[in-house]
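Asker: So the chains spell out like this:
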Amino acid sequence: MGERGKMQLVRISKRDDVTRAKANMIRFIAVLAALLASALLILFMKRNPIEVYASLLKGAFGTPSKVRGTIVEAIPMIITSLGIAVAFKMKFWNIGAEGQIIMGAFAASYFGLNFPDMPMPLLLLIMAVAGIIGGGLWALIPGFFKAYIGANETLFTLMLNYIAYKWVAYLQYGPWKDPDAKGFPLIKKFSRNGIIPEVLGVHAGWIVAVILVVIMYIFMRYTKKGYEISVIGESENTARYAGMNVKWVILSSVFISGALCGLAGMIQVSGVNQRLTLEVAGGIGYTSIITTWLGRLSAPAIAIVSVLFAALVQGGQYIQAAFQIPKSAAQILQGMILFFVLGSEFFIQYKIYFTNTIKNKKKGDM
Amino acid sequence: MESGLVLFLTQVIRAGTPLLFATLGETITERAGNTNLGVEGMMLMGAVIGFKVGLATSNPALAILGAIAAGVLGSLIYAFLTVTLRANQVVSGLSLTIFGTGFAGFVGKEIASKPVPASIKSFFAPVKIPIIGDIPFIGPILFNQDVFIYAGYILIIASGIYLYKTRLGLNLRAVGENPGAADAAGVKVSLNKYVHILMGGALCGLGGAYMSLVYVGAWKENITAGKGWIAVALVIFATWNPYKVIAGSYFFGGLDIIGFRLQKFNISISQNIIDMLPYTATIVVLIIALRKSKENAPPQALGNAYFREER
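Chains as they are written, first to last, in my numbering: chain A, 1 to 366; chain B, 367 to 677.
Since the hints were derived computationally from the structure, they do not count as laboratory data. No residue lacks a Cβ here, since even glycine has one placed at the ideal position from N, Cα and C. Check each hint, because a few of them may be wrong.
Below are the DSS-like pairs computed for lysine-lysine, each with C-alpha atoms no more than 27 Å apart in a straight line [stated by the list, open to error]:
| hint | chain 1 | residue 1 | chain 2 | residue 2 |
| --- | --- | --- | --- | --- |
| 1 | A | K58 | B | K475 |
| 2 | A | K189 | A | K177 |
| 3 | B | K610 | B | K494 |
| 4 | A | K46 | B | K475 |
| 5 | A | K177 | A | K188 |
| 6 | B | K554 | A | K351 |
Partial list, derived from the structure: chain A residues whose beta carbon lies under 8 Å from chain B [unchecked claim]:
| hint | residue |
| --- | --- |
| 7 | I50 |
| 8 | E51 |
| 9 | Y53 |
| 10 | Y148 |
| 11 | A151 |
| 12 | N152 |
| 13 | M159 |
| 14 | A169 |
| 15 | G335 |
| 16 | M336 |
| 17 | F339 |
| 18 | G343 |
Same shape as in the complex, but just chain A:
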């Protein structure tokens, strides 16, 4: 039956008395429930879920080198998520991070390939700036059409992902193909100067990530711009009545959003792959949407969630080898966690009363 039938047994009302701690508790329970539901799925695959989860942890944190691997996975996720968070806060649904990473990597690679003899600090700086601008401009295209004519940014940003991907494919198989690669479609590796050096065993991108978490936390929370972004997210009209330059705020924050993703692309291409490849983004742009959402758009929470998701990815590769569980299982797990956490928001925002009447009581009696 429709609403009416249900309302007799269960009544729902909005509540705003939930403490932060209690809300986080509910979310935590949701993640546990997702793990439990996924355990059933693993059982269904005739594997032992406890064993699988244990190896997942072992694969992610078992040895120092695995921990380093998890951190390397987490770096681009954190930076990309911080970027997505800026857009999401404004309710600009930027799902184009994947493409912005790719274009940032492309712009950085242009300088990395053409100026191999430049001193390392200068070259890396130029590559980083190129990545920031490349990703930022790629995001600015949909941002522009959103601000001026209200074009749907969700689809726009997504389509640009495919185009960015095809663009790199074009370069890799065409003009940028390395003639020395014995016919393999590969783009030339950067010179040593174009590769981010390691600090404490992990490429220095982690330092950038840590700094950015702090900066973005302050930016979103304590600056005028951060405040304007959240006001526009709540209501564009309110922002306009308050005298904000809505278009300018949209454009600049979309640029920042894409710029961070582009920087993540530069860090990936220089610190990890050391050459531009089609796999430079490798789904990070999509995973980061999840981490952004689960981190409730808050920088510190995003950092934590990103590390956990990186562990999931890193550990997922391990269980794939150890249990022959396909990589897609990790994707299912991600989806499950999302479903449960999304569902749990309901219990944070609404109160449910179960009326003890069974059938014949009328609505007014409650």
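Use these hints to put chain B onto chain A, whose structure you have.
Answerer: Relative to the frame of chain A, chain B by itself:
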């Protein structure tokens, strides 16, 4: 008779058919006030389950039913989250796509590169419709196709009639435009949303099944290659009107295969650049479909959860 153009247009119809099903499905879903961004995920689920059932049973009807069930299952998760639990529609849809992609990759692991059984292949072979199939030009293009494509024509017309000419269709439109008013008039809002989200899921599942069972004739990872997303954009292009879904779907079907045709003419454009065409065209659609007239506007309550107590 079979000139090059006729052959090309025949293939355009085939290439556009997965889009037609998915776009129609999303149109119906959005008419109920819900944007389901899980189309890609549901198509993949339908594609893999339809193919798996087909492979196991060699029965085309069961394969189709399997695909429908998979699409419905996916959309049921979405409906429960967004209608019952009032979760954010954008994120719920994205999650469904992530889940569906993983699900399809997982289930499809052992069936990759296996060909479709002969019984199913022959069931979905082109059949000429008597009399109208003989009309020059139009006949071979439109009426010498497989049953799946004919089902598409019928579904489009049926949806158009349902939406614009029936009481139930009126209720549906009311729910999408103004759920509060619909509720006050005695229309069951949640039930309506559920039914039409599930219908949308079923159609997306079918669109996916066309890819694996007929169009490609095999399962491969990420077989839909973004078609689900293009379908979401086509809904805007078709201004939430089932009849206009036809034009959009076939146009994009054409873009999908035009690169292949261009190669024949020795046009030296990289395949990768040509592959950008459908995506670029989708963006163009997003921009030009914005001419705001009342008739072409999206359902007014699109994207908002309905909560009676907040009315």
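Asker: Now look at each hint and say whether the structure bears it out.
Answerer: To see whether the hints hold, each was checked on the structure:
1. A/K58 x B/K475: Distance ~25 Å between A/K58 and B/K475 Cα, so the pair holds.
2. A/K189 x A/K177: Holds, at roughly 11 Å.
3. B/K610 x B/K494: Holds, at roughly 25 Å.
4. A/K46 x B/K475: holds (16 Å)
5. A/K177 x A/K188: holds (7 Å)
6. B/K554 x A/K351: holds (22 Å)
7. I50: Interface hint status for A/I50: violated (20 Å vs cutoff 8 Å).
8. E51: Violated. Min distance 19 Å.
9. Y53: violated (17 Å)
10. Y148: At about 10 Å, which exceeds the 8 Å cut-off, the nearest Cβ of chain B leaves the hint on A/Y148 violated.
11. A151: holds (5 Å)
12. N152: holds (5 Å)
13. M159: holds (4 Å)
14. A169: Hint on A/A169: holds, closest Cβ of chain B at ~4 Å, below 8 Å.
15. G335: With a minimum Cβ separation of about 3 Å from chain B (threshold 8 Å), the hint on A/G335 holds.
16. M336: Hint on A/M336: holds, closest Cβ of chain B at ~7 Å, below 8 Å.
17. F339: With Cβ-Cβ at 6 Å, under 8 Å, it holds.
18. G343: holds (5 Å)
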